[in-house]
Structures are given as C-alpha cells and as structure tokens.
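What follows is the residue order along each chain.
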Amino acid sequence: MMTINETQDELIEDFSFYQDWMEKYEYIIQLGKELPLIKEEYKQDQFIIKGCQSKVWLYPELKEGKLYFTADSDAVITKGLVSLMVKVLSGHTPKEIVDTDLYFIDNIGLKEHLSPTRANGLLSMVKQMKLYAIALYAKHN
Amino acid sequence: MLKNFDINKVRADFPILRKQVNGKPLIYLDNGATTQKPTKVIDAIVSYYSDMNSNIHRGVHYLSQISTDAFEVTRRKVQTFINAEYEHEIIITNGTTHSINLVANCYGKAFVHAGDEIIISAMEHHSNIVPWQMLCEEKDAKLKVIPMDERGVLDMEAYKDLLSDRTKIVSITYVSNALGTINPIKEIIRLAHERNVPVLVDAAQAIQHLKIDVQELDVDFLTFSGHKMYGPTGVGVLYGKQKWLNAMPPYQGGGDMIKDVTFEKTTYNELPLKFEAGTPNIEAGICLANAIDYIEEIGLDQIKAYEDELLNYATTRLAEVEGIKFIGTSAQKSSVISFVIEGVHPYDVGVILDKLGIAVRTGHHCAQPVMDQFHIPGTVRASLAMYNTKDEVDSLVEGVKRAVNMLK
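As they're listed, the protein sequences go chains S and R. 29 is the number that the numbering used here gives to position 29 of the first sequence; each next residue is one higher, with no gaps. So the numbering used here is basically just the index in the second sequence, starting at one, shifted up by 141.
The shape of chain R in the complex, shown without the other chains (with noise of 0.2 Å):
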C-alpha cells in the first residue's frame, strides 16, 4: 500500500460514508456519475452563504466585493490546477455539457459551413454526441466517428484517415464513462495539429483521476465538471486557447458579458467574461476552489496509484463471478469497471445490489452507441473513487455472486 496515503484519513474526510441504506453500511461505487464531498466542500458551502452570499462582479458593496475576489480565486486555483498559460482562458460554466455545448455552437457559428467535417469517436458520452450532430444538421456539416476494436480501444489508423482538409475540429474524451479506457489524447491532438485542426477533449471522467497540463497537451479545449472532482454541483470548467476563445462569438446574451448595451447595438465584455453571462451558480464556483485545494493535498499522484491498486484488485476478484464478461478491457483504463453477466440483466444485479446497501449505475451510462456496438442493453458499472476500499470491492464480489444465484 501507498506509504502517504492514509485510505481511513481519507474516509474520515468524507460524512456521508458513514451513512447506512438499507441498513448496510453504503458502499458508493457511482463515481463516475457523481463523487461524494469532502467535509472541506460542504463547510466552504456553508460558510459561503453563512458569510458571504452576494451577487459578483458588480456590486460595490463589501459582500459583493469578497464573493467576487472568492469566485476569481477559483479561475486562479482552476488555470494552475490544469496550467492554463492565462486566467481568462478558464470560463466558468454549469458543467460539462455546457461546456460542449457553448464551443460547439460558438466555434461553429463562426468557423464550421456546408460540408465540413467534425470528428467524435465510438466511446462518447451522449454531451459529446449530441451537440455536434445539432450543429451538423443546422451547418449541414458530417459528423465523422473513429472506431473502437472489441477492447474498446480507438482504432488509431482509422482516425488518420478521417483527418482531411474538411476536418474542422476534433472532440474526443479523454477516459470513457462506460469503458474506462484512457485515451492516447496526445496523440489524437499532434495528429489534428498537423493538419491546424483544434481538438476538444471532454476531461469529466479524468480530472478527478490523471493530472491534466492543458500546455503539455497542447489542446484547443478542455472541459470538465466540478460534481465529479469532490466538488459542488452546477459548475464547471471550459478552458479555451486564447486565441479561440477570442475568435469566437458569444454564446449567451445578458449580464456580465457586455461592455455596453445601447438598443443599436450591444458591445462585448472581454474574456471571460464574455462566455460568462447571467448570475453563476456562485456557491458552487467559490467552492470548486476547496474541491481542488482537497484533491491537491491528496496528491493526484497518490490518488491514480491507489486507484489503480484498487481497480487491479477489483479486475481480479470480480473475474471470480462465473459467466461475466468485463466491457473495456483496454490496457489503458481508469477506475471504471463496466461488466455484464451471462444469462442476467444488468438491471437486476443492480437491485439487488442496491438492497446490500451498495450503489452502482445500470444502464446504457448515456452512451447507447457504445452498447449497440458491443450488442448489449447495458452494464453494471463500478466506478471507483480515492475513498473506496478493497473490502468494499469484496462485498461488491459477495454481491454480484448473490444477485447472480438469485437471478439465475
């Protein structure tokens, strides 16, 4: 085990653990669709509309002024977090799917026209889907998907050639809801750079397990949310190269993102404010700075090496269930373990599972393509975060085993 990790400090930090359902002590294997708070969160929460609640960027008043030095400290905490080289290139926003959603609408207004080409892969996420083909359908632009083999792996030769001069941008995710597998997006960005192409990558389901260096990767965009980092629900994060940023129009209209309004003619606000327009979900934005101040004590370090002791073990043991099928199964994953199990519905597992006090998602995790490739109508997942244990992996295995001579 990890020599300055301390996995019962770790758990101490976080109350709802402690909780019971079902009467069994819960074991939440749902991290992947959210993560649970540490103390430090939910304090700041408090403590923000306890002291400080006020609107930001534009009162003059001592409230106002603190909650919005509160709500910049998290653009801060955020650009060195992901080493942005400037701090209006962190826009904040309600969460990924916003984030996909503005680069989308505002990239394509200005830059994507009849007859270009996006490019998405077989693993994505319904938000990394979805608001391209709206974007293809109103540009009459196609939307190009790069294959995955049955470990759910991209097939690397099919994305070069997808890239053409058509290719207009790339948007890809970094590790897979629903497989786990760790994408080589380094690789996926120098191909795309060859040819000028930006690429997006869509980092809900890696910020919170792999440091992220947005200037290392060299990438045009990245998005993540704040819900599933130990933080609050209802922010999240787009990052931007500047120059992006700068050439795109904005997305929504109101305030904070005008530099005047006349009824002739509005002027913009800079970044970033100019993406940034209405109220924010205040709270949430300040206390996304707690959520990373904890994981960077931690030690994103530490956290990928026990989470990958922990999925290594898990891999192990749930392989002991006789007549699963694990679904991903790449080299590359993080700590996601998407399973079905021969002759039971997923939906079922889930249940009783439920009934032991142990929380896993079923479903088609909001990536149907992803299932209809591999023919199923879902998985059970287990997604793993820092505060999981190995026991709670064997009675996750005891479980699955019960469901299964339940079931059968």
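Looking at chain S on its own, in the form it has when it is part of the complex (with noise of 0.2 Å):
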C-alpha cells in the first residue's frame, strides 16, 4: 500500500504525460471509471454533498482502523474527480486523512476546481472527507 502522498506523486507523474487539456479530461474521465462504487442502498440524502450543481454520494467506511470510501456523481467529470480524491485518500488511517496536504491537486492543474464558489463542489468534498475522518478519529481516541 502506499502512503498517500506516493499516491499524490504518482498522479502527479502520471499526469504531466498530458499536455493538451482535452486529453487530461479524458484521463479524469478514465479514473471516474474505476471509482469504488458506492451500494445503491446508500444513495440516500444524508450521504450527498452540498454545493455540487451535479450530484455526489460518498459513503465511508472503517476497516481495521483505516478508512474507505465508497462514492458515485451523475456527472462524469465530477465523478473522475471524486475517483482522484477516493485513489489518494481511501485506505488510509483517519489521523493521515485529517493530516494531508492535498498538493498534487495544484500540480495537476485542477486548481480552478477547488474554488469554494466553483459548481462541482470538489472543495466540498475533500471538506466532507476529512469531515468523517475527523469524526471517526475522535470516536476511536
């Protein structure tokens, strides 16, 4: 497993391979596909985010004392970008969650989606994230 921030490297890498905007698009798109998937049975109103023009599910889940996150968008794009988050953050204990310095996202170009007023609500998300493992660190301390 690695830590998270090889993940963040690795991405970083693997994106620096895309100059053209159209093609990184494309590579977003791509990660949407291999998003972990959250259970139907989830897809209820207390497991949305707020503030995404498209919509966003994310259910987490703590195994062995590391968190996983299961999610699911009805946009594409957004979807890639909830697969990004759920890659470098999932499998990972609460307190390194709670702890990360999200760099890779500046690196990669997707700053302008991390605008608080920006609709897919990509801010809103690492917010949400870091939400549960906060609250899942304080219940297990």
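Since the hints were derived computationally from the structure, they do not count as laboratory data. Accuracy of the hints is not assured; some may be wrong.
[Unchecked claim] Label pairs and their in silico Cβ distance ranges:
1) R/Asn387 x S/Gly109: 55 to 63 Å
2) S/Met2 x R/Asn149: 53 to 61 Å
3) S/Ile48 x R/Ala255: 34 to 42 Å
4) S/Tyr42 x R/Ser188: 58 to 66 Å
5) S/Ser16 x R/Asn145: 52 to 60 Å
6) S/Tyr42 x R/Asp147: 57 to 65 Å
7) S/Ile48 x R/Asp296: 31 to 39 Å
8) S/Lys63 x R/Asn453: 57 to 65 Å
9) R/Lys283 x S/Leu110: 46 to 54 Å
10) R/Glu291 x S/Gly65: 50 to 58 Å
11) S/Leu110 x R/Lys466: 24 to 32 Å
12) S/Gly109 x R/His254: 52 to 60 Å
13) S/His140 x R/Lys283: 50 to 58 Å
14) S/Leu110 x R/Gly396: 44 to 52 Å
[As the list claims (entries may be wrong)] Restricting the straight-line Cα-Cα distance to at most 25 Å, the calculated cross-link-like pairs of lysine to any residue (SDA-like) are:
15) S/Lys39 x R/Pro518
16) S/Lys63 x S/Leu37
17) R/Lys549 x S/Thr70
18) R/Lys280 x R/Ser305
19) S/Lys111 x R/Gln161
Here the structure is a predicted model, which is why all the values come from computation and not from measurement. Just so it is clear, CB atoms sit at the ideal spot from N, CA and C, and this is done for glycine as well.
From the two separate chains plus the hints, produce the assembled complex.
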C-alpha cells in the first residue's frame, strides 16, 4: 500500500504526460470508471455532498482502523474528480487523512476546481472526506 | 441578413469579445445571466469617476449638481424608453430582485391580508417566487401557480380559473430565463384588470430584446436590471403606476426618502424618492442611460430581427446533435436555448465547452420548479445577444458534439 504522498506523486507523474487539456479530461473521465462505487442503498440524502451542481454521494467505512470511501456521481467529470480524491485518501487511517496536504490538485492543474464557488464542489468533497476522518478519529481516541 | 445591422461594427463596440479564453477566442453565450458592455458604457463609468463623482440629491456644490442631473437624465431616459406617463413613476433600484421585493413588501403591507391570493406562474425565476412566498407566510395568504405544458407555454384557461375575488396581485415573467418562452402578458394583464387586479411584469429577460410600452400594455409594475441590457451591474428599475406607488408605504427608511425627520415623527418624501432610501449606486444609475442610448442607436426592431434569425439558426443546427432535447419549445421564444442530451450531464458539457472558450450556463438557472416539471437536474443554456454570430453558433454545435463524444 502506497502512502498518501506516494499516490499524489504518482498522479502528478501520470498527469504530466498530458499537456493538452482534452487528454487530461479524458484521463479524468477514465479514472471515474475506476471509482469504487457506493452501494445503491447508500444513495440517500444523508450521503449527498452539498454544493455540487451535479450529485455526489460519498460513503465512509472504517475497516481495521483504516478509512475506505465508496462514491458515485451523475456527472462523469465530477465522478473522475471524486475518483482522484478516493484514490489518494481511501485506505488510510483517519489521522493520516486529517493531516494530509493535498498538493497534487494544484500540481496537476486542477486548482480551478478547488475554488469555493466552483459548481462541482471538489472543495466540499475534500472537506467532507476530512470531516468523516475527524469524526472517526475522535470516536476511536 | 438585415440591411441596417452591421454585426462587425456591433462586435467592435464590445472590447471583451476580443479576449481569448483557454487559448481560444471567447464565445460568450451566457447573456441571460449578464450581457457584456459596450465601450460607450465602459467609458461613461470611467468618466463618472474622473469628472463628476459626488453624492446626489443633496449637495449645493457643482459636482453634486452635475451628478444629480446626470442621475435624473437616466430616469427620464427610462421613462421615454418604456413610455411611462410620468418621470416619478420610475424608481431606480439596484436590480430586478430588489424591485420585486420592494413591491412584495410595500404593496403587500398595504393590500394583502389573510386568505388573499397571489398568482405567479410555473416558469418564474426564484426572484419572482420567494418574495411572494415570504409575503404569503407573513400574511397567511396563498400562492397560486399558473401551470405550463410540456412546451413551456402557460395554460391560459387555468389562469382564468385561478383569478378570483381573492386575487390581490398577479406577478409574472415576460420572458422565461430558463425556457425562453415569451408570455402573452397583454392578455394576462387584460384578464387581471377585468377583476381590478394589478399585474407586475418581470421584464429582466425581455427589456433587452423586445420593445416595451408600459402604457400600451397597461401594466401596473414593471421590473428590470441594467446589467442584462448592456448596462452596469447594481442598477435596476421599478416602474409603477403612480396610483399604486402613492398608495404604498415606503420600503426602507433612510436618507433621500424623507421630507422631515423628528424623533416624534417622520414625513416621507414624494415619488420617486420615497422609494429610494440611502445613497444609490450612482455610477451605475448614471451609466444606465448610456446603455439605453446604445440600444436605441442600434434599434430594438433590428436587435429583435437579428436575434430571431440567430435563434432559428442555432435551433436548427443544434438539432443535429444526437440525443438532444430542447427544453422550452414555445412558438413564441426569445433568444434562449435550453437543452439536455441523453446520457450526458449538463455540467459535464459546460466544463468541456469552457475549455473551448465557450461560455454557457448549466444548472437549474434559479428556476428549480421548472427543472422539476421536466424531471431534469438542469440544462445547458445558450442565451444569445445582438453581438453573437452564426460562426459562434457553429462553434457551439461543434463543441457540443465534441463534448458528447468525450462524455458518452
């Protein structure tokens, strides 16, 4: 299992092959297809991330001290962005997730998606993932 | 193409249209949200701050007098532009939302009581829903909604049935921002007046496309915003018939709206200042006149004819896209094209178009009930203005096709 930063570095390297935005987005869409999907029964309001123009469902699960995420979105670019986040954060301890600095977003040229007013809510996504981690960390300590 | 309409000359008047976005020439198709500004308006804004900046309606000094005069020129220009009977029927607000809230509050305070009814339509912008809902909640009144069909056309028979002795006001959009439908407001007003019910027309999406004559329409209140008609942001208009404006209490208290203030009692100013509390957005107020001048120089007849041609062209071309479904197919339409594509989320299409330098709006367009009726999360909306071209429409069609290829 790679550390969070190793995964971030790997993604930065992957994205460096794509100079053209079109290829970059095609890759994001491709990543969306690799997203571990949330179970249909969890596609409820309580697992929807607010602040997205498209719908995003995110479900956290703690297994042997590590936090795993499953998710889905009705928009494919958003789904790709969720997939990126899940790839980086899923499978790590809540503490690691809380403490992590997500520098890869800026590095791969997706910073525009992090603006608080951006309709895809990548920022809300990151916040929600960290919130789950904080809540679970508090519960187990 | 039109004889007296020189598209190249019009485009040259809008400096932002020369901009590149994501390495591509900007194609701005989000005019329903806001329009770009011609040099004439931009220069006037600079000139206001360089030559006359001062507070209005109070100073004795030179600058205050010239800026007050300029502000009042706008009022007269608006009066002529919409053919109001009196200058004092023009209230300068900070936009359509402000104008509608003003009427909902002040007309509501004076005339709406428990058990009364207010009629709006199924295609309203949130700005023409929420103020009335708030009023209904406060007064224990009821909100009634005129339904529309699958084309986005209002059901006029249902409207006739909704009108009753309990109806206190009808508030309706002239042109739907999400669908483009042009409503038969003259008939809507006539039917309401048969029962002595006043009508507010939200003209935010109409004023830049259609010639409006408030006396001919016999409309009681008309609202619109400067920024959607090639003018500055932060200024709007409330036209109201004098008899209603006089019968309504003031909206906000403060400077400008008073005649005399003592701690025992304040007497209010006359129209229009009674409704203009506080320092307005002076620069925007003054420069709205330049936007009106610009529209009149081109001519609304020319603008409408050109935009209609563009709308037809865009509708025909976009129909080529596989799986496209237009939302809003009324025979009476303004230059708004809302659409969804089978199997593709509107948001994704918007992101790809943005990368191609094409600005459209995606989402519910502040009209969630409209989206609910069509059972869709939102649409992609291209809204056209007088400076758009068939070439730009071609780029949009190519962009949409490219997006669909990527996304499906």
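Of the numbered hints stated previously, which ones are contradicted by the structure, given in increasing order? none
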